[in-house]
Amino acid sequence: MSEIKVRFAPSPTGPLHIGGARSALFNWLYARRYGGKFIVRIEDTDLDRSSRESEENILSALRWLGLDWDEGIAVGGPNGPYRQTERLDIYDRYAGLLLEKGLAYRCYCSEEELAVQREAQLAAGEMVRYTGKCRDLSPEDCERLEREGRKPVIRFKVPEGGVVTIRDIVRGEVNFDCDGMGDYIIVKSDGIPTYNFAVVVDDHLMGITHVIRAEEHLSNTPRQVLIYQSLGWSVPEFAHVSLILGKDRSKMSKRHGATSIEQYRELGYLPEALVNFLALLGWSPGVEEEIFTLEQLSEQFSLDRVVKSPAVFDLEKLNWLNSHYIKHSPVERIAELAIPFLQQAGYLPGTIDDRVREKVRLVMVAIREYLEYLAQVEQHAAVFFRQPEYNDPEAREVLAREEVPAVFRAVRGKLEETGDQLDEAAAKTLLKKIPKELGLGGKKVYLPLRAALTGRTRGPELHHLLPALGSREVIARLDNALAATGVN
RNA sequence: GGCCCCAUGGUCAAGCGGCCUAAGACACCGCCCUUUCACGGCGGUAACCCGGGUUCGAAUCCCGGUGGGGUCACCA
Numbered sequence: 004m005s006e007i008k009v010r011f012a013p014s015p016t017g018p019l020h021i022g023g024a025r026s027a028l029f030n031w032l033y034a035r036r037y038g039g040k041f042i043v044r045i046e047d048t049d050l051d052r053s054s055r056e057s058e059e060n061i062l063s064a065l066r067w068l069g070l071d072w073d074e075g076i077a078v079g080g081p082n083g084p085y086r087q088t089e090r091l092d093i094y095d096r097y098a099g100l101l102l103e104k105g106l107a108y109r110c111y112c113s114e115e116e117l118a119v120q121r122e123a124q125l126a127a128g129e130m131v132r133y134t135g136k137c138r139d140l141s142p143e144d145c146e147r148l149e150r151e152g153r154k155p156v157i158r159f160k161v162p163e164g165g166v167v168t169i170r171d172i173v174r175g176e177v178n179f180d181c182d183g184m185g186d187y188i189i190v191k192s193d194g195i196p197t198y199n200f201a202v203v204v205d206d207h208l209m210g211i212t213h214v215i216r217a218e219e220h221l222s223n224t225p226r227q228v229l230i231y232q233s234l235g236w237s238v239p240e241f242a243h244v245s246l247i248l249g250k251d252r253s254k255m256s257k258r259h260g261a262t263s264i265e266q267y268r269e270l271g272y273l274p275e276a277l278v279n280f281l282a283l284l285g286w287s288p289g290v291e292e293e294i295f296t297l298e299q300l301s302e303q304f305s306l307d308r309v310v311k312s313p314a315v316f317d318l319e320k321l322n323w324l325n326s327h328y329i330k331h332s333p334v335e336r337i338a339e340l341a342i343p344f345l346q347q348a349g350y351l352p353g354t355i356d357d358r359v360r361e362k363v364r365l366v367m368v369a370i371r372e373y374l375e376y377l378a379q380v381e382q383h384a385a386v387f388f389r390q391p392e393y394n395d396p397e398a399r400e401v402l403a404r405e406e407v408p409a410v411f412r413a414v415r416g417k418l419e420e421t422g423d424q425l426d427e428a429a430a431k432t433l434l435k436k437i438p439k440e441l442g443l444g445g446k447k448v449y450l451p452l453r454a455a456l457t458g459r460t461r462g463p464e465l466h467h468l469l470p471a472l473g474s475r476e477v478i479a480r481l482d483n484a485l486a487a488t489g490v491n
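The first sequence lines up with residues 4 to 491 when you count with this note's numbering.
Think of the hints as simulated: they come from the structure by calculation, not from any bench.
All C-beta atoms, glycine included, are put in the ideal place defined by N, C-alpha and C.
A few of these clues could be false.
Distance windows between CB atoms, simulated [what the hints assert, rightly or not]:
hint : residue 1 : residue 2 : range
1    : 421       : 382       : 27 to 33 angstroms
2    : 299       : 149       : 28 to 34 angstroms
3    : 121       : 237       : 32 to 38 angstroms
4    : 69        : 175       : 30 to 36 angstroms
5    : 266       : 404       : 19 to 25 angstroms
With a Cα cut of at most 30 angstroms, we get these calculated BS3-like pairs of lysine-lysine [what the hints assert, rightly or not]:
hint : residue 1 : residue 2
6    : 320       : 250
7    : 446       : 417
8    : 311       : 40
9    : 191       : 154
10   : 254       : 320
11   : 311       : 257
12   : 104       : 40
13   : 330       : 431
14   : 330       : 311
15   : 320       : 330
16   : 436       : 447
17   : 191       : 104
18   : 254       : 8
Kindly produce the complete structure, drawing on both the sequences and the hints.
Here you go:
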């Protein structure tokens, strides 16, 4: 069998959608798994809605996810150009061919006329489709209509009484009656091809062997197959993957919350978490393991383990995966990623030096286990950058205990000995010594200490808290806490 | 409404005729760890849409129903 070639062909009408990202991922994985090629092509034939900005956004989202492509937009290749609006002459050629062979014809019906007709069909309970009014127009008719100033579209002549059978890798055999289709438009009146036509020409010319895409395209597939056949081209393999649904089980849309890769990126989700999550939505590895890198996925992915039924997007599971990756990545990386969020929260200056970077690292050591996504640092890191308020009743109660001043004096003494060498190990030994030396239970030492440092009775480990705050700040907070609770 | 797809716990899903008194994960609950919370470990609650067939035997195959979804554009 010849080399596998797949593609992701987004239309640049908005940011990369979760569903689009999964399609891209599946294609990429399939190519990598079987040593094939992955192409990215831009389907921008909708002139009104397409934009270069969206195109850029989509490409950068793909790169961010780690999905690179062997051929296509921005990287070039032997089958370019890879933007459909730059291939108009190619579509013209094949539309002309179809016209010549009598497999397509010009239609002069106006959009208004068509709308009226559609209404009538709907009202009569009939199938909504083009009636074929212009099918047998004579050249003279055409000339007359053009003189009236009408701009024709080109319609594909759907064979009557035919059946198109699609062999879909995930769905099996699916049949469609041609009679339900109506002659569909392949070239719009402005000369731009429609999706159903351009996609076929491009997929064929680019040598695509497998079309892996979302299920919403399934009902378009017979129209495309008809075009392959009429042009004498071989039909690629199809694999229609079920849709990703929102919580209410309808197609994912903005009202379901964040739907673009960009949004998740901005909230501080890691690309590997998104990739891992998306891979598991609609595909199953068949083993109990759930954590996979892109690389591992590309070794295991196969279309025969793609699930047929639609999948509900489960944010809870994404959060779990993301928190997993936050906890298991090198903390330096997490700290680096957290910086913009900390800046946005107003905790950090615009420019970061090594001292700040180290502080952030210590903060992230302390709090990363609390995070589902990085934007949550705003609440969890506050204690490291803002003075505690000491208005929590529980904390106040703890700080008011009689042994507290003595405990703090002891801590202070130890800190002055330790000075700048307050790393995690030093903090641990220091913390261990205090109760012993004072002859107090741990609870009487640690709870007030925590309350003084954070203004609360719960939070990160003390041995993480101490290094992240630093000796000076710890001492200052000890004093502040006593002053604030009026015990001093 | 026509056409098409789908149907295992709340969610993702394993299962492809006997191994199922149905895996695993998320979420939830409980216990343990921890002189905090969380993390982590252990355990628990919870599912084969309904009705007919086929078969010695069906979550698995077939038919019907029901439910959900997609699609019916000069959008992709």
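key: Given hint residue 40 paired with residue 104 - CA-CA distance at most 30 angstroms   = violated, 34 angstroms
task = Note whether the CB distance of residue 266 and residue 404 lies within 19 to 25 angstroms or breaks it.
result = With Cβ atoms ~47 angstroms apart, the hint is violated.
Verdict for residue 121, residue 237 (Cβ pair) under range 32 to 38 angstroms = holds, 35 angstroms
query = That 30 to 36 angstroms hint for residue 69 and residue 175 (C-beta), does it hold up?
reply = For residue 69 and residue 175 the Cβ distance comes to about 32 angstroms; the hint holds.
Restraint check for residue 311 with residue 257, where alpha carbons must lie at most 30 angstroms apart = Satisfied, since the Cα-Cα distance of roughly 24 angstroms is no more than 30 angstroms.
task = Given the hint that residue 191 pairs with residue 104, test it: the Cα-Cα distance must not exceed 30 angstroms.
result = Holds - the C-alpha atoms of residue 104 and residue 191 are around 19 angstroms apart, at most 30 angstroms.
query = Given the hint that residue 254 pairs with residue 8, does the C-alpha gap stay at or below 30 angstroms?
reply = At roughly 28 angstroms apart (the allowed maximum being 30 angstroms), residue 8 and residue 254 satisfy the hint.
query = Does the structure keep residue 330 and residue 431 at a Cα separation of 30 angstroms or less?
reply = With a Cα-Cα distance of about 21 angstroms, the restraint between residue 330 and residue 431 holds, given a limit of 30 angstroms.
inquiry  = Run the distance test for residue 191 versus residue 154: straight-line Cα separation, threshold 30 angstroms.
reply    = Holds. Residue 191 to residue 154 sits at ~9 angstroms (cutoff 30 angstroms).
ask   = Holds or violated: are the alpha carbons of residue 436 and residue 447 at most 30 angstroms from each other?
value = Given that 30 angstroms is the threshold and the Cα spacing comes to 13 angstroms, the pair holds.
ask   = Hey, residue 254 versus residue 320, does the alpha-carbon distance stay inside 30 angstroms?
value = holds, 19 angstroms
key: residue 320 paired with residue 330 [C-alpha distance capped at 30 angstroms]   = holds, 15 angstroms
Consistency note: the structure conflicts with the earlier hints numbered 2, 5, 12, 14.
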